[in-house]
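Read off the chains here:
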Amino acid sequence: MYKLTDFDKELLNILQGNIPLVSRPFAYMAEKLGCGENEVIEEINLLKREGYVRRIGSFFNSDKLGYRGTLVALKVKRELMEETALFVNKYPGITHNYEREGEYNLWFTLLTPDDEVRQKIMDEITSLPGVEKYMDLSARRKYKINVQFMLK
Amino acid sequence: MLSEVDKKIVRAMQGDFPIVAEPYKKIAEEVGITEEELLARLEQFRQDGTIRKFGAVLKHREVGFAANVLCVWVVPEERMDEVAANMCSHMAVTHCYDRNTTPDWPYNFYTMIHGSSRENCEEIAAQLAEENNLSQRTMLYTGKEWKKTSMRYFCE
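Going down the list, the sequences are from chains A and B. Each residue of the first sequence is one higher than the one before, counting from 1 in the numbering used here. Each residue of the second sequence is one higher than the one before, counting from 1001 in the numbering used here.
None of these hints come from the bench; they were simulated from the model. Just so you know, not all the hints are guaranteed correct.
Calculated cross-link-like contacts (lysine to any residue; reagent style SDA-like; alpha-carbon spacing at most 20 Å) [to be verified]: (1) B:Lys1053 with A:Asn146; (2) B:Lys1144 with A:Glu101; (3) B:Lys1147 with A:Tyr91; (4) A:Lys144 with B:Ser1003; (5) A:Lys133 with A:Tyr143; (6) A:Lys144 with B:Lys1026; (7) A:Lys142 with B:Arg1099; (8) A:Lys142 with B:Asn1100; (9) A:Lys64 with A:Tyr143; (10) A:Lys75 with B:Glu1077; (11) B:Lys1053 with A:Arg141; (12) B:Lys1059 with A:Glu10; (13) B:Lys1053 with B:Leu1042; (14) A:Lys144 with B:Asn1108; (15) B:Lys1026 with A:Gln119; (16) A:Lys75 with B:Tyr1107.
Start from the sequences, fold in the hints, and give me the full structure.
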């Protein structure tokens, strides 16, 4: 695997902050890094190709867009895990769906634009034969939602 | 309320940001507005919190955080803000949520902890427990990741 240089680390640290809202944001970043605009663009594309970056883009506050989110935990029968997980996967509002250790063994996040859609999805999932019980764990307060890793 | 143009901006901005010299020009063309209009609207979105982050999210395993765990805690309601402030200040903690409980689930505070290994995650959790004087927690390690994507709004 490609090994990160000091320059890459500095670039990734800057990139994890806010991309400037100016016509040529990479030229702006290049100036801070003391290199050329092309160098920045080429290096970012390299880091994306090499698999260091999950996504570069905007992350919206779902509440502000009128969406409501929740975290749902299911207790799924072991032998029906795969078909249950694949059924859950098909909803676009479900962005994360993980198996976890413990009694509740399948956990997913759900974002929906209105309560009717949300209820329909919850009804469809919780009536699956593999689902023994479930918990709807909606957030009361979000204190922190920022994945940022400063590289040294 | 979001206008139809706003929704178009959200749709155009929620994918991969173009890594080219003039990315906003490209997006503005897609939306059908000028680059200046787009930049002004994005500035507003950033200021009012509609855009909570605009930048790169790294693949944590590739940058040295090989392990992570969803650690859930029982935090007394009256200490919630104080505990949250402490936990949020740790670099290893990336998400902090206060959530509903159920009769068989007393955990009301959720943290994502990132570490170099499972042992390291355990150490960090033990440290957080000590700093915040919390006795009840459960570590929900991830098994298979069946799905991990970014949300696409206004595409239903």
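Verification of the supplied hints:
Between Lys1053 (chain B) and Asn146 (chain A), the direct Cα distance comes to roughly 8 Å. Compliance with the 20 Å bound is thereby established for this hinted pair. About 10 Å separates the Cα atoms of Lys1144 (chain B) and Glu101 (chain A), which keeps this hinted pair within 20 Å; it holds. Restraint check for Lys1147 (chain B) and Tyr91 (chain A): satisfied, since their Cα atoms lie roughly 11 Å apart, inside the 20 Å limit. Distance hint between Lys144 (chain A) and Ser1003 (chain B) is unfulfilled; the C-alpha atoms sit about 28 Å from each other, more than 20 Å.
For the proposed pair Lys133 (chain A) and Tyr143 (chain A), the alpha carbon gap of about 28 Å is over 20 Å, so the pair is violated. A threshold of 20 Å between alpha carbons decides the hint, and for Lys144 (chain A) with Lys1026 (chain B) the separation of about 32 Å lies outside it, so the pair is violated. Proposed proximity of Lys142 (chain A) and Arg1099 (chain B) is supported: the alpha carbons are some 9 Å apart, at most 20 Å. About 12 Å separates the Cα atoms of Lys142 (chain A) and Asn1100 (chain B), which keeps this hinted pair within 20 Å; it holds.
Between Lys64 (chain A) and Tyr143 (chain A) the CA atoms are separated by roughly 16 Å; this keeps the pair inside 20 Å, and the hint holds. Taking the CA atoms of Lys75 (chain A) and Glu1077 (chain B), the gap is about 27 Å. The hint is violated against a cut of 20 Å. The straight-line distance between the Cα atoms of Lys1053 (chain B) and Arg141 (chain A) is roughly 18 Å, inside the 20 Å bound, and the hint therefore holds. Distance hint between Lys1059 (chain B) and Glu10 (chain A) is fulfilled; the C-alpha atoms sit about 16 Å from each other, no more than 20 Å.
A threshold of 20 Å between alpha carbons decides the hint, and for Lys1053 (chain B) with Leu1042 (chain B) the separation of about 11 Å falls inside it, so the pair holds. With a C-alpha separation of about 15 Å, the suggested pairing of Lys144 (chain A) with Asn1108 (chain B) holds against the 20 Å cut-off. Note on Lys1026 (chain B) and Gln119 (chain A): the hinted pairing is violated, with a Cα-Cα distance of about 38 Å set against a maximum of 20 Å. Between Lys75 (chain A) and Tyr1107 (chain B) the CA atoms are separated by roughly 16 Å; this keeps the pair inside 20 Å, and the hint holds.
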